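Working from the sequences, and respecting the hints, build out all of it.
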Amino acid sequence: MECELAYDNSIVTSNPLYQTCGSFLCEVAQKDYGAKYFRPEIECLDIDYCESLAAVNEKRRKEATVDAVIGVKPYKKNRFSQARLLLVELRMKYLSPKNLSKNRLEGKVRHTLALLSTDEPICQTKLFIFRDDVIQQMEGWFKEHAREGGIIRNCEAWSVSKFNELIKSEREFPYKPITDIKEMKESIGRYLRPWDSLNFFKSIEYWLNIANTFRYKPDEFHIIMKGLKDVWDDFRTSGVILSEDEELNAEIIEEDYLNT
Amino acid sequence: MSHYKYTIRDYHAIELANIMLDGITVVSGENGCGKSTLSRWLYYLVNGASRFDFFLYQDFISSLQREFNYLDAVYQDLRMTMASTPSSLIYDGKRRLEELMASDSEDNLHQAMIVYHNTLDRFGVVLSDYLKGNYPKASKDRALKFLGIDSGSSLPAHQRVSDFIIRQKKSGEESQKRYLEAKDRRSQSEFFSQLKFHYDIREEIPEEKIELEEDKVSLLKNRKVGYLYNLRRAIYVNTPMAVSEDVAVDNVFWEDLQKIMIYPVKGRERTKGEKKLIIRLQKLIKGSVTAEKDDFDQLELRYKREDGLDIKLDDVATGMKTFSYILRLIENGYLDDQTLLLIDEPEAHLHPQWVVEFAHILVLLNKELGVKVMVASHHPNMVAAIQAISEKEGVKDTTIFYIALSSDKPFKYVYGELGNNVEEIFRSFNFAYDKISQYGV
Numbered sequence: 299m300e301c302e303l304a305y306d307n308s309i310v311t312s313n314p315l316y317q318t319c320g321s322f323l324c325e326v327a328q329k330d331y332g333a334k335y336f337r338p339e340i341e342c343l344d345i346d347y348c349e350s351l352a353a354v355n356e357k358r359r360k361e362a363t364v365d366a367v368i369g370v371k372p373y374k375k376n377r378f379s380q381a382r383l384l385l386v387e388l389r390m391k392y393l394s395p396k397n398l399s400k401n402r403l404e405g406k407v408r409h410t411l412a413l414l415s416t417d418e419p420i421c422q423t424k425l426f427i428f429r430d431d432v433i434q435q436m437e438g439w440f441k442e443h444a445r446e447g448g449i450i451r452n453c454e455a456w457s458v459s460k461f462n463e464l465i466k467s468e469r470e471f472p473y474k475p476i477t478d479i480k481e482m483k484e485s486i487g488r489y490l491r492p493w494d495s496l497n498f499f500k501s502i503e504y505w506l507n508i509a510n511t512f513r514y515k516p517d518e519f520h521i522i523m524k525g526l527k528d529v530w531d532d533f534r535t536s537g538v539i540l541s542e543d544e545e546l547n548a549e550i551i552e553e554d555y556l557n558t
Numbered sequence: 002m003s004h005y006k007y008t009i010r011d012y013h014a015i016e017l018a019n020i021m022l023d024g025i026t027v028v029s030g031e032n033g034c035g036k037s038t039l040s041r042w043l044y045y046l047v048n049g050a051s052r053f054d055f056f057l058y059q060d061f062i063s064s065l066q067r068e069f070n071y072l073d074a075v076y077q078d079l080r081m082t083m084a085s086t087p088s089s090l091i092y093d094g095k096r097r098l099e100e101l102m103a104s105d106s107e108d109n110l111h112q113a114m115i116v117y118h119n120t121l122d123r124f125g126v127v128l129s130d131y132l133k134g135n136y137p138k139a140s141k142d143r144a145l146k147f148l149g150i151d152s153g154s155s156l157p158a159h160q161r162v163s164d165f166i167i168r169q170k171k172s173g174e175e176s177q178k179r180y181l182e183a184k185d186r187r188s189q190s191e192f193f194s195q196l197k198f199h200y201d202i203r204e205e206i207p208e209e210k211i212e213l214e215e216d217k218v219s220l221l222k223n224r225k226v227g228y229l230y231n232l233r234r235a236i237y238v239n240t241p242m243a244v245s246e247d248v249a250v251d252n253v254f255w256e257d258l259q260k261i262m263i264y265p266v267k268g269r270e271r272t273k274g275e276k277k278l279i280i281r282l283q284k285l286i287k288g289s290v291t292a293e294k295d296d297f298d299q300l301e302l303r304y305k306r307e308d309g310l311d312i313k314l315d316d317v318a319t320g321m322k323t324f325s326y327i328l329r330l331i332e333n334g335y336l337d338d339q340t341l342l343l344i345d346e347p348e349a350h351l352h353p354q355w356v357v358e359f360a361h362i363l364v365l366l367n368k369e370l371g372v373k374v375m376v377a378s379h380h381p382n383m384v385a386a387i388q389a390i391s392e393k394e395g396v397k398d399t400t401i402f403y404i405a406l407s408s409d410k411p412f413k414y415v416y417g418e419l420g421n422n423v424e425e426i427f428r429s430f431n432f433a434y435d436k437i438s439q440y441g442v
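Protein chains in written order, with our numbering: chain D, 299 to 558; chain Y, 2 to 442.
Since the hints were made in silico from the structure, they are not lab data. Keep in mind that this is a model prediction, so the values were computed, not measured. Each hint should be verified, as a subset may be incorrect.
Stated by the list, open to error - Below are the EDC-like pairs computed for lysine to aspartate or glutamate, each with C-alpha atoms no more than 20 angstroms apart in a straight line: (1) K287(Y) <-> D554(D); (2) K284(Y) <-> E470(D); (3) K171(Y) <-> D60(Y); (4) K500(D) <-> E307(Y); (5) K276(Y) <-> E553(D); (6) K397(Y) <-> D554(D); (7) K368(Y) <-> E442(D); (8) K284(Y) <-> E545(D); (9) K393(Y) <-> E553(D); (10) K393(Y) <-> E437(D); (11) K500(D) <-> D60(Y); (12) K287(Y) <-> E545(D); (13) K287(Y) <-> E544(D); (14) K276(Y) <-> E549(D); (15) K276(Y) <-> D554(D); (16) K276(Y) <-> D330(D); (17) K368(Y) <-> E553(D); (18) K273(Y) <-> D494(D); (19) K273(Y) <-> E544(D); (20) K260(Y) <-> E542(D); (21) K276(Y) <-> E542(D); (22) K393(Y) <-> E339(D); (23) K273(Y) <-> E542(D); (24) K287(Y) <-> D528(D); (25) K273(Y) <-> D543(D); (26) K284(Y) <-> E503(D); (27) K368(Y) <-> E552(D); (28) K393(Y) <-> E470(D); (29) K273(Y) <-> E553(D); (30) K284(Y) <-> E553(D); (31) K287(Y) <-> E442(D); (32) K287(Y) <-> E549(D); (33) K284(Y) <-> D494(D); (34) K397(Y) <-> E553(D); (35) K273(Y) <-> D554(D); (36) K276(Y) <-> E545(D); (37) K284(Y) <-> E544(D); (38) K273(Y) <-> E549(D); (39) K368(Y) <-> E404(D); (40) K276(Y) <-> D543(D).
In structure tokens:
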């Protein structure tokens, strides 16, 4: 997957299967591998358990499925896209790719998709999670078999570390400003040294107006305002001499914009 | 800071209005509900109470001037007959009285009586000389008759003139006595009579229907008029067009506004709060407003834009005038904690963004300068902005909203206090959307 992902529990908890087989990814890992491995707050559908129930109810043989289905939403250009279900197979006991079987892996995916039979969007990519110390071999195996076509083309081998690093909480995604804050600071700062009061205040007011146009995009607004506050603090500690009107003007700017 | 309660009942469209003036008061209501009546009479009451003594003094000085007018008819005749008579004796007296009319200080009152007596004495000398002179008897008799002096008396001329001057002086002293008694009495009927005359009021006087309390003490009590300790001046702007000199004729509010926009309070240092508000307003209008002499040596207001444009204030956009009058009133020192600023529909002619800027200025006038503000508004942005900004600026507790609601009686309204909750006002504004649905697609 090319983009960053945030886990999204809501798409999981709203799934009809959640009532009977809702769990946490770390609990599923604990059950199968004796360790939690993942963030404790990521909820999932325990698909293995789900399949067990379905097999009993439908009086059939239990099929192989992936271990869990979690919810994720891609993050790009400061925006999260619609949440999707993501199939996750845990393979933390696999030490060598020789034990992997294309047919078996594809069968797990196929059966899981059949079990989900949902209208919810599902990620095209399916994840197979391995231990960090074997991941290079596993990646090689998946790439190799991808050439053969089939479901395996959309399966990726990830290490536990990669999973924990790339699938994060929504709160952990830093806002990337549209405005070039460094350039903004420089454009104002050049009127501070040497001191040019007229253009300094004009420039500050220009950027305050720009910030105001982002009032309804709070992340951008706050980043610009923080940048302006930095410049302002620099100005206030610079020791420049202000006329009475300039000082009053500075106080007005502080009252209206920078003291909050 | 004092608290004021203003009441009008059963007057024009107002069945009952109990309005608190604690800081910022916003009155809303449909057209014809009496909002302007509220503002108008508050203007009369506050300024009338503050200037009652002065009005009485003006009346007194005017009565002395009228006495001089009476003498002047004869004096002009004598002057033409008697070659060496100074031409401006009575005129000088009247002019001096006019100067002394500017302030009702004790010293001015004392000076006015000296001027009156001296002018009479000098007139007496001229009249005696005339009567002694070789002038036609018919002319002398006519002058004596006009002045009410017995022409057939056997007393010598100077004695008759002396008696006349003494009578005139007594008349002036009686006028002074009446003035001082009226000033001491401060009767309600005299008060309303003065209001009617000085403010050219042509409507019914709500003498028994109006009340103003300062810190729970009535201004009108026991048929007398008290004093307002902490409110000396009301300024009423019912339209920004009032700042145009072409229209400020025969309208006391507009004349008053024009005057105080041009002439500053003398000997007053600007406070820091005033200076900051001036800068804010100059930034908003991107320029300044100055009073300068025109081609006829009369002061006129001019708008000077940052880029050098220099035009009469009359000629700027009406919305700009709204900010300009506030700017000039601050610059001239008329907006302080003794001032009540009354504005009807300040949002008229303003773009929505400027409506909010103006609301900001109004809140700062109250917060920084202590000005009490009463605004009548129809505009959702004005109401919402005053509510939000007053909260941010820490004056929410003294910002009160009112709405005029139809009473059971036709064409009558009762003013309901809403505290700081504007929900009811917005409910009334939202009727407009129903109307759009009704008339539109």
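Status of the hints after comparison with the structure:
1. In summary, the hint linking K287(Y) to D554(D) is supported, as the alpha carbons are separated by about 18 angstroms, within the 20 angstroms threshold.
2. Proposed proximity of K284(Y) and E470(D) is contradicted: the alpha carbons are some 42 angstroms apart, above 20 angstroms.
3. A C-alpha spacing of about 17 angstroms is found between K171(Y) and D60(Y), which places the hinted pair at or below 20 angstroms, so the restraint holds.
4. Distance hint between K500(D) and E307(Y) is fulfilled; the C-alpha atoms sit about 13 angstroms from each other, no more than 20 angstroms.
5. At most 20 angstroms may separate the alpha-carbon atoms for a hinted pair to count; K276(Y) and E553(D) meet this at roughly 15 angstroms.
6. Straight-line distance between C-alpha atoms of K397(Y) and D554(D) comes to about 17 angstroms, which keeps the hinted pair within the 20 angstroms bound.
7. Straight-line distance between C-alpha atoms of K368(Y) and E442(D) comes to about 75 angstroms, which puts the hinted pair past the 20 angstroms bound.
8. A threshold of 20 angstroms between alpha carbons decides the hint, and for K284(Y) with E545(D) the separation of about 15 angstroms falls inside it, so the pair holds.
9. For the given pair, K393(Y) sits about 11 angstroms from E553(D) by alpha-carbon distance, which is consistent with the 20 angstroms threshold.
10. Between K393(Y) and E437(D) the CA atoms are separated by roughly 58 angstroms; this puts the pair beyond 20 angstroms, and the hint is violated.
11. This hinted pair does not check out: K500(D) and D60(Y) have alpha carbons roughly 55 angstroms apart, beyond 20 angstroms.
12. A C-alpha spacing of about 19 angstroms is found between K287(Y) and E545(D), which places the hinted pair at or below 20 angstroms, so the restraint holds.
13. Distance hint between K287(Y) and E544(D) is fulfilled; the C-alpha atoms sit about 16 angstroms from each other, no more than 20 angstroms.
14. Of the pairs offered as hints, the one joining K276(Y) and E549(D) holds, with about 11 angstroms between alpha carbons and a cut-off of 20 angstroms not exceeded.
15. Proximity of K276(Y) to D554(D) is assessed by CA-CA distance (about 16 angstroms); at most 20 angstroms being required, the pair is judged to hold.
16. Between K276(Y) and D330(D) the alpha-carbon distance is near 74 angstroms, which puts this suggested pair outside the 20 angstroms criterion.
17. A hinted pair counts as satisfied when its Cα atoms are at most 20 angstroms apart, and K368(Y) with E553(D) qualifies at roughly 13 angstroms.
18. In summary, the hint linking K273(Y) to D494(D) is not supported, as the alpha carbons are separated by about 24 angstroms, beyond the 20 angstroms threshold.
19. For the suggested pair K273(Y) and E544(D), the alpha carbons sit about 13 angstroms apart, so the restraint of at most 20 angstroms is met.
20. The suggested pairing of K260(Y) with E542(D) is violated, with an alpha-carbon distance near 29 angstroms, which exceeds 20 angstroms.
21. Restraint check for K276(Y) and E542(D): the C-alpha separation of about 10 angstroms stays at or below 20 angstroms, so the hint holds.
22. Distance restraint check for K393(Y) and E339(D): the Cα-Cα separation of roughly 39 angstroms exceeds the 20 angstroms cut-off, and the hinted pair is therefore not satisfied.
23. Taking the CA atoms of K273(Y) and E542(D), the gap is about 10 angstroms. The hint holds against a cut of 20 angstroms.
24. The hinted pair formed by K287(Y) and D528(D) fails the criterion: a straight-line CA distance of about 28 angstroms is larger than 20 angstroms.
25. In summary, the hint linking K273(Y) to D543(D) is supported, as the alpha carbons are separated by about 10 angstroms, within the 20 angstroms threshold.
26. Proposed proximity of K284(Y) and E503(D) is supported: the alpha carbons are some 11 angstroms apart, at most 20 angstroms.
27. A distance of roughly 17 angstroms separates the Cα atoms of K368(Y) and E552(D); the hinted pair therefore holds under the 20 angstroms criterion.
28. For the suggested pair K393(Y) and E470(D), the alpha carbons sit about 32 angstroms apart, so the restraint of at most 20 angstroms is broken.
29. For the hint pairing K273(Y) with E553(D), the CA-to-CA distance comes to about 14 angstroms; that is within 20 angstroms, so the pair holds.
30. At most 20 angstroms may separate the alpha-carbon atoms for a hinted pair to count; K284(Y) and E553(D) meet this at roughly 15 angstroms.
31. Only pairs whose Cα atoms come within 20 angstroms are accepted, and K287(Y) paired with E442(D) is rejected, the gap being roughly 70 angstroms.
32. Our distance criterion of 20 angstroms between C-alpha atoms is met by K287(Y) and E549(D), whose separation comes to about 19 angstroms.
33. This hinted pair checks out: K284(Y) and D494(D) have alpha carbons roughly 19 angstroms apart, not beyond 20 angstroms.
34. Annotation: proposed proximity of K397(Y) to E553(D) holds, straight-line Cα distance about 17 angstroms (limit 20 angstroms).
35. For the proposed pair K273(Y) and D554(D), the alpha carbon gap of about 16 angstroms is at most 20 angstroms, so the pair holds.
36. For a cut-off of 20 angstroms, the pair hint linking K276(Y) to E545(D) stands: about 11 angstroms separates their Cα positions.
37. About 13 angstroms separates the Cα atoms of K284(Y) and E544(D), which keeps this hinted pair within 20 angstroms; it holds.
38. As the CA atoms of K273(Y) and E549(D) are separated by approximately 11 angstroms, the hinted pair is consistent with the 20 angstroms bound.
39. Our distance criterion of 20 angstroms between C-alpha atoms is broken by K368(Y) and E404(D), whose separation comes to about 72 angstroms.
40. Proposed proximity of K276(Y) and D543(D) is supported: the alpha carbons are some 8 angstroms apart, at most 20 angstroms.
Hint compliance for this structure: hints 2, 7, 10, 11, 16, 18, 20, 22, 24, 28, 31, 39 are not met, and every other hint is.
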